[in-house]
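Enquirer: Required output: the full structure, derived from the provided sequences and hints.
Going line by line, the protein sequences match chains Z and R. Counted the way the working numbering counts, the first sequence spans residues 76 to 371. Counted the way the working numbering counts, the second sequence spans residues 8 to 353.
Everything labelled a hint here was simulated from the structure, so no lab data went into it. In this text the structure is predicted, and so the values were computed from the model without any measurement. A hint or two may mislead.
To give a feel for the contact side, a few chain Z residues facing chain R, derived at Cβ under 8 Å [to be verified]:
#1 P166
#2 M168
#3 F171
#4 G175
#5 M178
#6 L183
#7 G190
#8 F316
#9 A335
#10 V350
Capping the alpha-carbon separation at 30 Å, the derived lysine-lysine pairs in DSS-like fashion look like this [as the list claims (entries may be wrong)]:
#11 Z:K337 to R:K137
#12 Z:K240 to R:K137
#13 R:K234 to R:K346
Built from N, CA and C at the ideal position, the CB exists for glycine as well.
In case you want the letters, here they are:
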Amino acid sequence: MTTFLNILIVGLMLGGIYGLVSMGLNLIFGVIRIVNFAQGELVMLGMYGAYLSWFLLGLDPYVSSIIVVPGLFVIGVVIQRFVLQPLQNEPFMQIFATFGLLMLFQNLVLAITGGTGYSVRSEVSSTVINLGDINISVARLVVFITVIVVALGLNWFVMNTMPGKAIRAVTQDRRSARLMGINVERAFMLTFGAGAALAGLAGVLLAPIYTLSPQIGGNFILAAFAVVVLGGLGSVWGAFFGGFIIGLVEAFSGYYFDPALKHAIWFLIFIAVLVVRPGGLFGIAGAEEMGLREQD
Amino acid sequence: MSKTETLTMAAPEKPKGKARVTTLRTELVRIAGIALVIGAAIALFRSDPFVLNMMAYTFLFGALASSWNIIGGFGGQFSLGHGVFFAIGGYTTANLYFHWQISPWLSLVPAMILAMTVAVLVSWPTFRLKGPFFAIATLALNEVAFVLANYFDVLTGGARGMMLPFKAGLENMVFTSRLPYALIMFGFLIVCLIVCAFVLRSRLGYYLQAVHIDEDAARAVGIDVLKVKLTGMAVSAALTGIGGSLFAMYLRFVDPATLLSIQDIGVKFLLISLIGGVGTLYGPLAGALLIIPLEFYLRGSLSGVVPGANLLVLGALLVIFSLFMRRGVVGAAQTLWAKFRRDDHE
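Expert: Here it is as structure tokens:
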């Protein structure tokens, strides 16, 4: 029973990480209908941002989010304005462009750091809470709580504020939204910036957990795709629950089958869901095709 | 993107002015011309191992990008999972040679058939997805293949890989000089170009282009979309499998990190195609002629100083081409040519 509970906790904590990483991807996809292959690299940039602020300013990684998150927001806005906006309604070229950004960021960091693995320390990162036989790492618990707060906050923002309503309007019908006086381009820039900022937040919170390497984004991006597709494209709660599903699948299959195969197992589940229900478990049916619909 | 724009992107010869769709005969003559030029180049550099090595890679990747172009360019299905078929070819030949000393020339056939079969089986469900979702699913397939290749070490040698014994001889496809390899890759390139020309000027090619431009319209005029996609994928994967076999024999070493690398294999095919011109017959070759020597140069001169410099440049090129030269080098040349001819007539 304790083993089971421990695996459950590990799975939930892992799910929190995956969920947090996927939030930004899902936001960007849900609104702009762009599949951002470079999202994992934005997380990676967030991690290196945390390292830099720790190295240069001596900031605790959790505190450094006040610098890193706005920084990533700006990067996101720039990407949207200068790379993706010219490619609106060209899904194929978007694949190329975001993949190019992936290679660009990854190898830029590799070129600068020379491939040395860094790690960021925080007071909290090594603390572990013991509840009887169950151990919970505080750093992971912080991620877990953050993903809940972010999901609730994002949901509130989209449902109750004017900019949030504008974003939803743009998602549903760009042309009508434009006729209602919404600046579609600005809504997109805001959204991509917010998606990148969420990636930055994820990066900051994950920095104390992982060893930093330029290729680390690759570990997150496929997990994030799996989460987003599983949960539902463009639905806030989809990314939330999808993250936990993938986390639990990984934890349990790693324990009961073979740790070497855990990725293969959730990839297969991912492909199966993608094929059987492309809209995802919580998604709107047909959402997967909306990116290909002509809009202006 | 508007549908008319997609059309110009997909159509290999832009029907401007009096320009018309070329016949298969014209294309075969052009391919023969290309073969002559490349043959002369090989003869010229026959004693320079560095250039021959570069040529072997250029021809191989030109051929592989051309194979990718059948389903990715003509058919508009942006597969990121061609590394899987590449690896299947490589592992099939490596295993047959390693365990049973079967000549790689013979094992090209099972490699081809196996790659084709797997391609059809995995594409059947994934072809339900469109655009970016197809790309994500194929990317995930590549990742599954990577995990499995590491896991089943009986078949693949696991993460350590398989070193193939060095027994020089024509029947083993193992040579002491680089010249025969360059010639083999050259032959493979010409075969791929001829197959592409045949596909492009066949019913299948026109169907694929119709599916690319508008899948619903294609279905409405009675094209069996799934069958067309699967056939295109099968042809493309079969050639990719052969390429994997040749690559394995050239390196005499196979491991998952090399064969299933996303950036060095899977994405390389579409990167080369984009830079040369997606959906054009000679675009992938043009792309390979530009990219592979550039990579050799960057790797040789910069990578020692700046790690990852070659991929950094490729990433930047990818962004720049997707923004400003969507139809690649060949597309840009065609536009210029059409403009020039129009000016000429006026």
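Enquirer: Check the structure against each numbered hint from earlier and tell me which ones fail, lowest number first.
Expert: Failing hints, ascending: 8, 13.
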